[in-house]
Amino acid sequence: GTPAFLAHWNKDWKPAKYPRTEEERSAAAKKYNLFPEEYVPVKDDGHGAGDYPGFKPYSVESRDPFYPWDFPEYRRNFNEPLHDDINIYGEDRYDVLMKPRFPLIAMLASFILAMGSSIYLTYLGKDTAFLPAMPQHMPATSVKHYTYQ
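First residue of the sequence shown? That's 30 in the numbering used here, and the numbers climb one at a time after it.
If you are wondering where the hints come from, they were derived from the structure by calculation, not from laboratory data. Idealized CB from N, CA, C, for every residue including glycine. The reader is advised that the hints may include incorrect statements.
Unchecked claim - Now the in silico label distances, taken between C-beta atoms and shown as ranges:
hint : residue 1 : residue 2 : range
1    : His-174   : Thr-151   : 52 to 58 Å
2    : Ser-171   : Met-144   : 25 to 31 Å
3    : Trp-98    : Tyr-123   : 48 to 54 Å
What the hints assert, rightly or not - Taking lysine-lysine and the DSS-like style, the derived pairs with C-alpha atoms no more than 27 Å apart in a straight line are:
hint : residue 1 : residue 2
4    : Lys-128   : Lys-60
5    : Lys-128   : Lys-85
6    : Lys-43    : Lys-59
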């Protein structure tokens, strides 16, 4: 018999070739549920994105958590196209809109200070390791206290 889910094969999810004509662009826009004027394909750089729509990346973290999303765990609605690098922009990963707490130069300086001081202290104390041990305590040093016969 025929499979029950013909539309859910991997070949159906694969992007088509990069659109060259206006008809191909409008067909690709319809395929991804976008208006033709807002559809811009990913640049054809040879990595195989094909006709997949390219748009500004957004992070799941920066989207409204109280909006009634169709898929609240991903903060997206049904049939909403995903960025082609969505695995980078998940809720537990990189946030595009995050402003760093400290400037980059301050973070770099603190990293160099921490690593430099630990390397300096490692080489400074390299030859100073010793075991603090005293000679064995005996009642008299020249007297033989036991024999092995």
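Against the structure, the hints come out as follows:
1. His-174 / Thr-151: 52 to 58 Å: Distance hint for His-174, Thr-151 is violated at roughly 44 Å.
2. Ser-171 / Met-144: 25 to 31 Å: With Cβ atoms ~55 Å apart, the hint is violated.
3. Trp-98 / Tyr-123: 48 to 54 Å: violated, 20 Å
4. Lys-128 / Lys-60: Measuring from Cα to Cα gives roughly 35 Å; hence the hint is violated.
5. Lys-128 / Lys-85: holds, 17 Å
6. Lys-43 / Lys-59: Satisfied, since the Cα-Cα distance of roughly 15 Å is no more than 27 Å.
Checked against the numbered hints listed earlier, the structure breaks hints 1, 2, 3 and 4; every other hint is satisfied.
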